[in-house]
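As given, the protein sequences belong to chains A and B, one line each in that order.
Counted from 1, the first sequence has number 101 at position 100 by my numbering; the numbering is strictly sequential.
Counted from 1, the second sequence has number 32 at position 26 by my numbering; the numbering is strictly sequential.
Read the hints as simulated data drawn from the structure, not as lab findings.
A portion of the hints provided could be inaccurate.
[To be verified] Here are some chain A residues pointing at chain B (derived, C-beta under 10 Å): (1) A40; (2) Q43; (3) T50; (4) V56; (5) V63.
[As the list claims (entries may be wrong)] Incomplete in silico selection of chain B near chain A, CB under 10 Å: (6) D36; (7) R47; (8) N55; (9) P56; (10) N106; (11) R107; (12) N187.
It should be emphasised that the depicted structure is a prediction, and the values quoted were computed from it without experimental measurement.
Using N, Cα and C, we set each Cβ at its ideal position, and we do this for glycine too.
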Amino acid sequence: MRVNFTVNGSKETVDDVWEGESLLYMLRERMGLPGSKNACEQGECGSCTVYLDGVPACSCLVAAGQVEGREVRTVEGLATGSTGSDQELDPVQEAFVEAGAVQCGFCTPGLIVQSHDLINRVPDPSDAEIREALAGNLCRCTGYEKILDAVRLAASRKAAAAK
Amino acid sequence: MDFLRPLTWEDALAAKAEHPDAVPIQGGTDVMVEMNFDVHRPPALLDLNPVRELTEWDGVDGRLRIGAGVPYVRLIEELGDRLPGLAQASRTVGSPQIRNRGTVGGNLGAASPAGDSHPPLVAGDAVIEVESAARGTRMIPATEFYTGVKRNALEPDELIRAFWTDPAPGPQYFSKIGTRNAMVIAVCSFAIALNPETRRVGTGVGSAAPTPRRATAAEDFLSAELDWENRGPLSVSAAQRFAELVKEAASPIDDVRGTADYRKHALSVMARRTLTWAWNDYRGAVPGTGEGKEAS
Ligand SMILES: Cc1cc2nc3c(=O)[nH]c(=O)nc-3n(C[C@H](O)[C@H](O)[C@H](O)COP(=O)(O)OP(=O)(O)OC[C@H]3O[C@@H](n4cnc5c(N)ncnc54)[C@H](O)[C@@H]3O)c2cc1C
Ligand code: FES
Ligand code: FES
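Could you put the whole structure together from the sequences, leaning on the hints where they help?
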């Protein structure tokens, strides 16, 4: 089947999509957008998290056909500017790099999208709110402390920038 | 395989009538796990996301009619004050991403005995509104909706339109046992709902029998025992007897998540605790008594 939708601001048409496949599969295997990771395909790990109409969802649990006419934003769509010197990372991405919140990096795209959403909704999240927001994102490397640091850093930077 | 995308409720019913073996999909949090793992490959998926009616809720003659496609996150935010028991249960479902997509309609469709919405629906006398193009609407009390492990009362041409329930007339609580605070399928769960107007107690027992169920004897005992009039204190023996009767209502099995004995014990503890919280709230609701939840 054919699926028409907007991804990272650009209108796309994808052909030959299998009716039973996930949005995650379509993004990674048909559209050259491998930022969202596939680690469990059952909603347990959060590494495939994307925005669907502005709301974070596990793209492995969205059927590709369900995004017809809708808007998807992946981790690839968070930085501004095109690839190269004019590209600017989102503050959440920068904070993850600076705080050392990335080891193997497999969980990172999902955590970044989920943290990005948290900070948009709750500009100054408490530790409890951060933990709650990230409860569906598993990381096997970092032990989470540096991830919490990164989210706190990103939130404070964003608050400072808003002043 | 087909992918059906009706844009209205009428079209959805027509599509289901024409393709009775099409699998409806809302949040996909159950359906897509099965698809990804090839548990079964249905001849068609019937996407209900575009059907706007399903994502709306309304007050009708004092009752709430909540579309089958309202996700947990919205139940919590928009209806948490009117349906505290269901909101508490919703907060325990999966993770934020799962709550953003998952729905009570999908929980009912899946009809897992461990589904978290079931105990509060049963305790709160919810009624499930289902519809088919051929025979119109049927109103099915939640207690009759679940017919077996992962089986429900839907006919092949029917879809779930909404569930109906009263805004909480009194305190409601939900409690669930699991290994962590997120991403946990209930080992067992319990919901209580006090109705001071009818002086009845509602209960819902989850994950401790082939279907969610009420603890009817426990409800009858407690409804008669409580001092509704004077909002008197709860006696230890009444709470214990209630807990015992809840435990007797369960017929759990041993499985990977827990043993039958553990489930029974845990249910009696949850029954006593949720009753204490609820009754203290009811007592604390009297202006001027100065008693509230802290008093527990
Ligand atoms: C990681 C993870 C964690 C989870 N944790 C929990 C948890 O803690 N507690 C819990 O209860 N559940 C949990 N679940 C299961 C699932 O999220 C819930 O059952 C949820 O309520 C399903 O809703 P949905 O809209 O995603 O359903 P879908 O997957 O879209 O559908 C589920 C079933 O209902 C049918 N259906 C859907 N809508 C209709 C309709 N309108 N009419 C008729 N049939 C319909 C479908 O055909 C399917 O059989 C979890 C799932 C995952 C992946
Ligand atoms: S791959 Fe989607 S949640 Fe793990
Ligand atoms: S950095 Fe390796 S899983 Fe998180």
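Status of the hints after comparison with the structure:
| no. | hint | result |
| --- | --- | --- |
| 1 | A40 | violated (12 Å) |
| 2 | Q43 | holds (5 Å) |
| 3 | T50 | holds (6 Å) |
| 4 | V56 | holds (5 Å) |
| 5 | V63 | holds (6 Å) |
| 6 | D36 | holds (9 Å) |
| 7 | R47 | holds (6 Å) |
| 8 | N55 | holds (5 Å) |
| 9 | P56 | holds (8 Å) |
| 10 | N106 | holds (5 Å) |
| 11 | R107 | holds (5 Å) |
| 12 | N187 | holds (7 Å) |
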